[in-house]
Amino acid sequence: MNYQKLRLPAGLYFVGTPIGSARDITLRALDVLASAEVIAAEDTRSLRHLLDIHGVPLDGRRVLAYHDHSGAGAQARLLQALAEGKSVAYASEAGMPLIADPGFELSRAAAEAGHMVTCAPGPSAVLTALTLAGLPTDAFFFAGFLPNAAAARKTRLETLRGVPGTLVFYESPKRLAASLRDMTAVLGGDRPAALCRELTKKFEETRRDTLAGLAEALVEAPVKGEIVVLVDRVRSGPVKESDLEKDLMAALEKHSVRDAADLVARMHDVPRRPVYQLALKLGKG
833 MNYQKLRLPA GLYFVGTPIG SARDITLRAL DVLASAEVIA AEDTRSLRHL LDIHGVPLDG
893 RRVLAYHDHS GAGAQARLLQ ALAEGKSVAY ASEAGMPLIA DPGFELSRAA AEAGHMVTCA
953 PGPSAVLTAL TLAGLPTDAF FFAGFLPNAA AARKTRLETL RGVPGTLVFY ESPKRLAASL
1013 RDMTAVLGGD RPAALCRELT KKFEETRRDT LAGLAEALVE APVKGEIVVL VDRVRSGPVK
1073 ESDLEKDLMA ALEKHSVRDA ADLVARMHDV PRRPVYQLAL KLGKG
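All the letters of the sequence shown, read from the start, carry residue numbers 833 to 1117 under our numbering.
Treat the hints with care, since some could be wrong.
[To be verified] Below are the EDC-like pairs computed for lysine to aspartate or glutamate, each with C-alpha atoms no more than 20 angstroms apart in a straight line:
(1) Lys918 / Glu944
(2) Lys1113 / Asp1075
(3) Lys1006 / Asp970
(4) Lys918 / Glu869
(5) Lys1056 / Glu1037
(6) Lys1078 / Asp1101
(7) Lys918 / Asp884
(8) Lys1056 / Asp1075
(9) Lys1034 / Glu925
[To be verified] Between beta-carbon pairs, the in silico distance windows are:
(10) Leu838 / Asp1041: 40 to 50 angstroms
(11) Lys1056 / Arg880: 18 to 28 angstroms
(12) Met948 / Ser1004: 33 to 43 angstroms
Since the hints were derived computationally from the structure, they do not count as laboratory data. Note that CB positions come from ideal geometry on N, CA and C, so glycine has one too.
Can you make the complete structure from the sequences, with help from the hints?
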């Protein structure tokens, strides 16, 4: 038996569920699902199946449906259970609740009513894809799903073009080709990018290329399944040493040589070692 029946304090427990492999669920998530007095899920069938896989009994509890189309009544029932001092667990169909999944309105309403809100964290397609993509992870921006309409999609991409971090998108197989074409046109076809699909599943695949290369390859080898597209940040031209010196002098007024070098190297997206050497020289001067 991989779970423990616990006496959970009253409150709302968000539960991360596997994005593919059922064995990726955490022991704490199983404890919460086994112990909560009330269970709600974005997809009741998938959660019951997950509980069956891990041998977690419902013991007479119903799994209540709560998703984008549930209406106010479903949220009201869960808030009432919290008001009665019960422990309520909520799980998305896959991954972390609220990350391109329902739960935000419930979380906000519960917190505003003064109830405890906590989380048993689990897998996330965003972080898994960032780990596999081979792109910088020091800063990233999760943009979720792009709009369906081409004009709206290009407008959204325009607002993201200058974001100083790796861009992360969710996409469906049906829209992927159009989205990659628009990304190539708006963000630039030479940007390094990655396409991750079916993460943690049997046919997991990661393709790494430029945006233009990914779009071209998709014509010959289309894909199916759950997809994450990642795009490297915009890169500026060569950095002038005079600009580095100026920013280092400002940074050295408030930071140590080491911290100033780290800060300026990240700011200009350049190797740290020559910046550190320049900072040492300026610091001694």
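Hint check results:
{"no.": "1", "hint": "Lys918 / Glu944", "result": "holds, 17 angstroms"}
{"no.": "2", "hint": "Lys1113 / Asp1075", "result": "holds, 15 angstroms"}
{"no.": "3", "hint": "Lys1006 / Asp970", "result": "violated, 31 angstroms"}
{"no.": "4", "hint": "Lys918 / Glu869", "result": "holds, 6 angstroms"}
{"no.": "5", "hint": "Lys1056 / Glu1037", "result": "holds, 11 angstroms"}
{"no.": "6", "hint": "Lys1078 / Asp1101", "result": "holds, 16 angstroms"}
{"no.": "7", "hint": "Lys918 / Asp884", "result": "violated, 24 angstroms"}
{"no.": "8", "hint": "Lys1056 / Asp1075", "result": "violated, 46 angstroms"}
{"no.": "9", "hint": "Lys1034 / Glu925", "result": "holds, 19 angstroms"}
{"no.": "10", "hint": "Leu838 / Asp1041: 40 to 50 angstroms", "result": "holds, 48 angstroms"}
{"no.": "11", "hint": "Lys1056 / Arg880: 18 to 28 angstroms", "result": "holds, 26 angstroms"}
{"no.": "12", "hint": "Met948 / Ser1004: 33 to 43 angstroms", "result": "holds, 36 angstroms"}
Checked against the numbered hints listed earlier, the structure breaks hints 3, 7, 8; every other hint is satisfied.
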